[in-house]
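*Asks:* Hey, can you piece these two chains together into the complex? The hints should help.
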Amino acid sequence: MHTVVLMLEGTQVTLQIFFITLIFSLPLGLLAAFGRLSSLKLVSRFMEFYIWLMRGTPLMLQLLFVYFALPMVGIMLPDLVAALLAFTLNYAAYFAEIFRAGIQSISKGQYEAAKTLGMTHKQTMRRIIIPQMIRYVLPPVSNETINLVKDTSLIYILAMNDLLRVARTIVQREFDMTPFVVAAVFYLIMTAVLTWGFKKLEAYYGKYDK
Amino acid sequence: MENMTNNDVMLRLTQIHKRFGDLEILKGINLELKKGEVMAVIGPSGSGKSTLLRCINRLEEIDSGKIEIKGRVLAQNNGENVAEYVSEKESRNILSCTGMVFQQFNLFPHMTVMQNLLEAPVQVQKRKKEEVIPEAEALLKKVGLLEKKDWYPSRLSGGQQQRVAIARALCMKPDIMLFDEPTSALDPELTGEVLKTMRELADEHMTMMVVTHEMNFAREAASHVVFVEGGVIVEEGPARQVIDNPQEERTQAFLKNML
Ligand SMILES: Nc1ncnc2c1ncn2[C@@H]1O[C@H](COP(=O)(O)OP(=O)(O)O)[C@@H](O)[C@H]1O
Ligand SMILES: [Mg+2]
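Chain order of the listed sequences is Y and D. Just so we're aligned: the first sequence equals residues 1 to 210 in the numbering used here. Just so we're aligned: the second sequence equals residues 1 to 259 in the numbering used here.
Calculated directly from the structure, the hints in this document are not laboratory data. Note that the structure is a prediction, hence the values are computed from the model and not measured. Any given hint might turn out to be false.
Below, a list of computed lysine-lysine pairs in the DSS-like style, where the Cα atoms sit at most 25 Å apart [as the list claims (entries may be wrong)]: (1) D:149 - Y:115; (2) Y:115 - D:126; (3) D:142 - D:173; (4) D:141 - D:129; (5) D:142 - D:89; (6) Y:122 - D:173; (7) D:129 - D:142; (8) D:70 - Y:207; (9) D:128 - D:149; (10) D:70 - Y:115; (11) Y:207 - D:66; (12) D:66 - Y:115; (13) D:89 - Y:115; (14) D:128 - Y:122; (15) D:35 - Y:122; (16) D:141 - D:173; (17) D:126 - D:141; (18) D:129 - Y:122; (19) D:27 - Y:200; (20) Y:108 - D:89; (21) D:66 - D:27; (22) Y:115 - D:128; (23) Y:122 - D:141; (24) D:34 - D:196; (25) D:196 - D:173; (26) Y:122 - D:126; (27) D:256 - Y:115; (28) Y:108 - Y:41; (29) Y:207 - D:34.
Chain D extracted, bound-state conformation (with noise of 0.2 Å):
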């Protein structure tokens, strides 16, 4: 038997339900995240898997519902269930442990590839620009552009880019990544290497919540899949389980769709 103690679990989400307007987008959703657990997000397009990941790190703020990230209270109902967040300085403190990933990359477009990795350790953290360049550095060879380090991000093809995005990511050494279709604006011959630096993370036990329509990496590199659709989660379970024997009738449908 596993006995997880409460440290284990990096992120737990309770009942949270974010509208947009008139729109309920995601309708009472929970959900655990557990240390080194790697979760795919899978789901119809406009079924809310963005609004769920952009609600963790309060990108968006939910209606009502936690959000415990690390143990700690990011946002929680008050006595009339509505979600009530913490302070502005509060909220930027629990959320340092988290970092994002998104489809269109989003690199500084006026910095340098090391400059981009440089720029948030060094502004937000207060560290010493010598002593995170070798980190950086170190990260750049990892995702296999070291020798790219003073280009801008416009010189750079998309899969480069985004693997620069998930680098910039990694140099603020957080404990939790989250992915939103990272390879979606790729052209297909590009997707691979992305893939590719995502499962070395993997391999490594960052914990991480990935958004994807790529069932091959769902599959071989998560934990658990979760099924999102109409802003509720059908299914979810250990990655094979769920994408090779899927017990919902929904979730069977959309995979047949995705192959």
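With the rest of the complex left out, here is chain Y (with noise of 0.2 Å):
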């Protein structure tokens, strides 16, 4: 019985990471695909170097840079904001391609239509173009979202007790292999849960094609 609860605690350090990434990085994705979108040149090409940067390095590496490499350049950062920091830039990298892509799926005509109407580019992005991006970008952005309960899983090297990590801490004290079943069975439910919430909002989305 004291597994399970100290398996809880674990999980609580895992849902932690996972919304506050989640909360960030949603956003700053967002900003990042209209960035990366921008007429302007140079703030174009610098959000094509960042997703570049951040997709085409692992996560891993990214967590120890900005954990042992900031300090050493006179930043210290508490052990959760150093790993906050480092998933929160990464994840915001991938929703910023799967954002870029849904806004350039929306057809020329839907923004012609707006403007015709009077409506200014800033009341075309908000009322017409990302309430249709959201619906094309669900699907994707839901299997990066259940990619990062699982990737949370990498604090460990940054001895945070996450739930993996508390799983092999009592493993490896008492030599008896149930914490591993556990936490499978306990990634297992988040990302089922996951799984059948974004499923609601894709019907919710889906509404209007028939």
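*Replies:* This is how it looks when you write it as structure tokens:
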């Protein structure tokens, strides 16, 4: 029983990282997508570079960099903040690419119709483009979100007691494999809930195409 | 004799030039649209009809020339014969009296028919929703789609979607309506219902400019016909005269092909 309590505490750390990363990386990803599509060359080049960097290197390396390299140049961050920074920057890059593709999949005619009705660019984005984009991007966003649940386990290298690390500690101490099985079940429950949630969202946003 | 004051001219284009890259698409178009006139623009595909229409409401920007809408200048040449536009805000203001209907309808798919109609009056004109709803319902009734007001566009036929698109544009109470081949994307059996709606609009003296391949519509519903080929107006005049009795050889050849 004690094992389960410990593991629930680990789950709390996992969920904390998961939710905070999601809350920051989604809007940041949308901003980055707009930056990537910006007509200002400097902005779009910079975003391209950022996305390339984040998607082209392992998340593990990014975590280690934030955790070990930043303090060397005098930037000291609490463990949790360091982990969140790496996760958020990494996931924002993936979300940015998804959002960019979503925005680009919307036909020119939608912008033109909005313009001939007198809508400003901002109104067009907010009322016409983004709501339609959400529907297109839900499936890939759902995939990334489920990946994030599992990727949170990478923080075990930062000595934070997330679900997986707690499980490993107990296994090593008691020579009993059960905590691994329990951890697997916990991860499965989390991803199942997410899958269900996204299905609901997709149904909601899909109600207009038949 | 008609005594035309300036107020009767809804749209005046002077020496419009427009190029895409090295290709000059409009080569000096002059045109005047008076209040209540229905102008049909005909011509072979690729002749610049859509571009002409899209230059009027700034979906495309002209390179040189002058555009006046209800006496207000949208764009005119500077000293170097290059067209300069008024500010975005001013331009939106000037163009608020125009509405457009596209070949591909371009309804907002994530909104119901009613929401499509309410969107611009509420968001752009900042009118109260409750105040616009009765007007929107009247328009939907007029185009025969009131019972579909809570449907999403994807469930409507092409002809129904286009009639909603017309109602959506009318809901902004425009003085000039621009139509770019409104029936070209429709199955032949669905063009009739859209043309009927447009005829009714013409009968109510809406000022309209219609790019179309429907020669019967042009002849019967339009007051004027303009024949465009290769980026210039080859012939223009009263609808029946141009269609039944064209003077220019190129017009004759085009019309022979259409029948
Ligand atoms: N955005 C664009 N960029 C480049 N060329 C264009 C563009 N839009 C139209 N054109 C070209 O301009 C010419 C006239 O097009 P358009 O005005 O659509 O003719 P129409 O409506 O009479 O068929 C065509 O050759 C077309 O390929
Ligand atoms: Mg065309």
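*Asks:* With reference to the structure, classify each hint as holding or not holding.
*Replies:* Hint-by-hint comparison with the structure:
Pair hint residue 149 of chain D plus residue 115 of chain Y holds up; C-alpha atoms about 23 Å apart against a cutoff of 25 Å. For a cut-off of 25 Å, the pair hint linking residue 115 of chain Y to residue 126 of chain D stands: about 16 Å separates their Cα positions. At most 25 Å may separate the alpha-carbon atoms for a hinted pair to count; residue 142 of chain D and residue 173 of chain D meet this at roughly 14 Å. With a C-alpha separation of about 18 Å, the suggested pair residue 141 of chain D and residue 129 of chain D falls inside the 25 Å cut-off, and the hint holds.
For the proposed pair residue 142 of chain D and residue 89 of chain D, the alpha carbon gap of about 32 Å is over 25 Å, so the pair is violated. A C-alpha spacing of about 23 Å is found between residue 122 of chain Y and residue 173 of chain D, which places the hinted pair at or below 25 Å, so the restraint holds. The suggested pairing of residue 129 of chain D with residue 142 of chain D holds, with an alpha-carbon distance near 20 Å, which does not exceed 25 Å. Taking the CA atoms of residue 70 of chain D and residue 207 of chain Y, the gap is about 42 Å. The hint is violated against a cut of 25 Å.
At roughly 18 Å between alpha-carbon atoms, residue 128 of chain D and residue 149 of chain D fall within 25 Å of each other, so this suggested pair holds. As the CA atoms of residue 70 of chain D and residue 115 of chain Y are separated by approximately 19 Å, the hinted pair is consistent with the 25 Å bound. Distance check on the hinted pair: residue 207 of chain Y and residue 66 of chain D sit about 46 Å apart at the alpha-carbon level, beyond 25 Å; violated. Among the hinted pairs, residue 66 of chain D with residue 115 of chain Y is consistent with the structure: their alpha-carbon atoms are about 21 Å apart, no more than 25 Å.
About 12 Å separates the Cα atoms of residue 89 of chain D and residue 115 of chain Y, which keeps this hinted pair within 25 Å; it holds. Under the criterion of a C-alpha separation no larger than 25 Å, the hint pairing residue 128 of chain D with residue 122 of chain Y is consistent with the structure, at around 21 Å. Pair hint residue 35 of chain D plus residue 122 of chain Y does not hold up; C-alpha atoms about 33 Å apart against a cutoff of 25 Å. Distance restraint check for residue 141 of chain D and residue 173 of chain D: the Cα-Cα separation of roughly 16 Å lies within the 25 Å cut-off, and the hinted pair is therefore satisfied.
Annotation: proposed proximity of residue 126 of chain D to residue 141 of chain D holds, straight-line Cα distance about 24 Å (limit 25 Å). The hinted pair formed by residue 129 of chain D and residue 122 of chain Y meets the criterion: a straight-line CA distance of about 21 Å does not exceed 25 Å. Between residue 27 of chain D and residue 200 of chain Y, the direct Cα distance comes to roughly 55 Å. Violation of the 25 Å bound is thereby established for this hinted pair. Taken as a hint, the residue 108 of chain Y and residue 89 of chain D pair is honoured in the structure, with Cα atoms around 21 Å apart against an allowance of 25 Å.
Simply put, residue 66 of chain D and residue 27 of chain D have alpha-carbon atoms about 13 Å apart, close enough for the 25 Å limit, and the pair holds. Taking the CA atoms of residue 115 of chain Y and residue 128 of chain D, the gap is about 21 Å. The hint holds against a cut of 25 Å. Note on residue 122 of chain Y and residue 141 of chain D: the hinted pairing is violated, with a Cα-Cα distance of about 32 Å set against a maximum of 25 Å. At most 25 Å may separate the alpha-carbon atoms for a hinted pair to count; residue 34 of chain D and residue 196 of chain D meet this at roughly 22 Å.
Between residue 196 of chain D and residue 173 of chain D, the direct Cα distance comes to roughly 20 Å. Compliance with the 25 Å bound is thereby established for this hinted pair. For the hint pairing residue 122 of chain Y with residue 126 of chain D, the CA-to-CA distance comes to about 15 Å; that is within 25 Å, so the pair holds. Of the supplied pair hints, the one linking residue 256 of chain D and residue 115 of chain Y is violated, its CA atoms being roughly 37 Å apart against a limit of 25 Å. The hinted pair formed by residue 108 of chain Y and residue 41 of chain Y meets the criterion: a straight-line CA distance of about 21 Å does not exceed 25 Å.
Distance restraint check for residue 207 of chain Y and residue 34 of chain D: the Cα-Cα separation of roughly 44 Å exceeds the 25 Å cut-off, and the hinted pair is therefore not satisfied.
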